[in-house]
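Going line by line, the protein sequences match chains Z and G.
Taking my numbering, I'd label the letters of the first sequence as residues 4 to 179.
Taking my numbering, I'd label the letters of the second sequence as residues 13 to 127.
Any given hint could be a false lead.
[As the list claims (entries may be wrong)] Lysine to aspartate or glutamate pairs mimicking DMTMM-like chemistry, simulated, CA-CA at most 25 angstroms apart:
no.: 1; chain 1: Z; residue 1: Lys82; chain 2: Z; residue 2: Asp44
no.: 2; chain 1: Z; residue 1: Lys16; chain 2: Z; residue 2: Glu64
no.: 3; chain 1: G; residue 1: Lys84; chain 2: Z; residue 2: Glu20
no.: 4; chain 1: G; residue 1: Lys18; chain 2: Z; residue 2: Glu67
no.: 5; chain 1: Z; residue 1: Lys175; chain 2: Z; residue 2: Asp73
no.: 6; chain 1: Z; residue 1: Lys16; chain 2: G; residue 2: Asp25
no.: 7; chain 1: G; residue 1: Lys18; chain 2: Z; residue 2: Glu103
no.: 8; chain 1: Z; residue 1: Lys82; chain 2: Z; residue 2: Glu103
no.: 9; chain 1: G; residue 1: Lys18; chain 2: G; residue 2: Glu87
no.: 10; chain 1: G; residue 1: Lys84; chain 2: G; residue 2: Asp25
no.: 11; chain 1: Z; residue 1: Lys76; chain 2: Z; residue 2: Glu64
no.: 12; chain 1: Z; residue 1: Lys173; chain 2: Z; residue 2: Glu67
Hint data in this document are derived by calculation from the structure and do not stem from the laboratory.
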Amino acid sequence: MSIRVDWHENIAKVPPEVAMEALWLTGQNLITEATNNIPLDTGTLRRSGTVTVGALPPFAEVYEGAQSEDQAKRYEGEKQPGSRVVYVSYNTPYARRLHENLNWRPRDWKYSRRKRRSVKGGYTRKSRAAGFEGTYVRKIPKPAVGGPKWIERAAPRAFSRMDEMVRRAKAKMGVV
Amino acid sequence: MTLLEKLHARLVDAGIPHCYMLSSPDIPSCVTVAPYNSVPMADIPMSRESFQVAVRAPTYHEALSTAWAAVKALEYFPLLSFRQTPTYLGPNEDGSAVCVFNLDVPASWDSHNER
């Protein structure tokens, strides 16, 4: 086995707390970059991406939260003293399988049924004349997007912005 | 010979049965090696080529042991580095077990045109 080390000279020269902030910002940027490549159905997988310092997040907690809210910044500010590791993780039971399965392809365009805001407005004159009653729904196409390896595909772009993130971290923490 | 073909040849030479490149037929046991990423290195005409080796087998133990045999077959491939050891992905749609591991190989841009 071997370990790959990428040496970022600019980040090696700044104080550790600034370096950790820069890494956290890079993690957030990686999530942003990766978003459009993540398989989409209900959006839970996209919302389950989170950045943590020092340890991976509690999986079940993030998965539950991701059902309704974006979790990317859930652990902002929670930094373990002395830690020098930043994790970017997606926390659903199927994340690993979708990320690693190279044969996975987005399914064809899927139509979801969604209620129209104005039920009255949904009826055509003809259907009203025919006495149609019931809840009006219309089919809304959902895009077929995403694919495997979304983290690895986004990582080079995110890492290329490391210098910018160091500058942002310095400005945020008041370091010249 | 492309890098993919070289990796595939290593696996075949090591006696791993049913080895395929890029995709595999619908059979119970097989090993598939496929490229998935290529990242240019800074300042030099080289790139880091990423490959995935996926092993499908009827049982978890068979999948894992075949995956480790593949790791051992590729262990001394020049400049190759493993991203992780064989990882169980869970059962497939048809109930078979799937183990995967990923690896990187640095390659010069010239070598991509070698035949």
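Verify the proposed pairing of Lys84 (chain G) with Asp25 (chain G), using a straight-line Cα cut of 25 angstroms.
Given that 25 angstroms is the threshold and the Cα spacing comes to 12 angstroms, the pair holds.
Given hint Glu103 (chain Z) paired with Lys82 (chain Z) - CA-CA distance at most 25 angstroms:
violated (29 angstroms)
What's the verdict on Lys76 (chain Z) and Glu64 (chain Z), does the C-alpha distance respect the 25 angstroms limit or exceed it?
holds (14 angstroms)
Mind checking the alpha carbons of Lys173 (chain Z) and Glu67 (chain Z) for me, to see if they're no more than 25 angstroms apart?
Given that 25 angstroms is the threshold and the Cα spacing comes to 34 angstroms, the pair is violated.
CA of Lys18 (chain G) to CA of Glu87 (chain G), is that 25 angstroms or under?
holds (13 angstroms)
Pair hint Lys82 (chain Z) and Asp44 (chain Z), alpha-carbon separation not exceeding 25 angstroms:
violated (32 angstroms)
25 angstroms limit on alpha-carbon distance, applied to hinted pair Lys18 (chain G) and Glu103 (chain Z)
The given pair, whose Cα atoms are some 22 angstroms apart, holds under the 25 angstroms limit.
Checking one constraint from the list: CA of Lys16 (chain Z) to CA of Asp25 (chain G), max 25 angstroms. Satisfied?
violated (48 angstroms)
Under the criterion that the straight-line Cα-Cα distance not exceed 25 angstroms, is the pair Lys16 (chain Z), Glu64 (chain Z) satisfied?
violated (36 angstroms)
Given the hint that Lys175 (chain Z) pairs with Asp73 (chain Z), does the C-alpha gap stay at or below 25 angstroms?
holds (23 angstroms)
Regarding the pair Lys18 (chain G) and Glu67 (chain Z), is the alpha-carbon distance no greater than 25 angstroms?
violated (45 angstroms)
Lys84 (chain G) and Glu20 (chain Z) were given as a pair; does the straight-line alpha-carbon distance stay at or below 25 angstroms?
Violated: Lys84 (chain G) and Glu20 (chain Z) sit about 41 angstroms apart, past 25 angstroms.
Going through the hint list in order, the structure does not satisfy hints 1, 2, 3, 4, 6, 8, 12.
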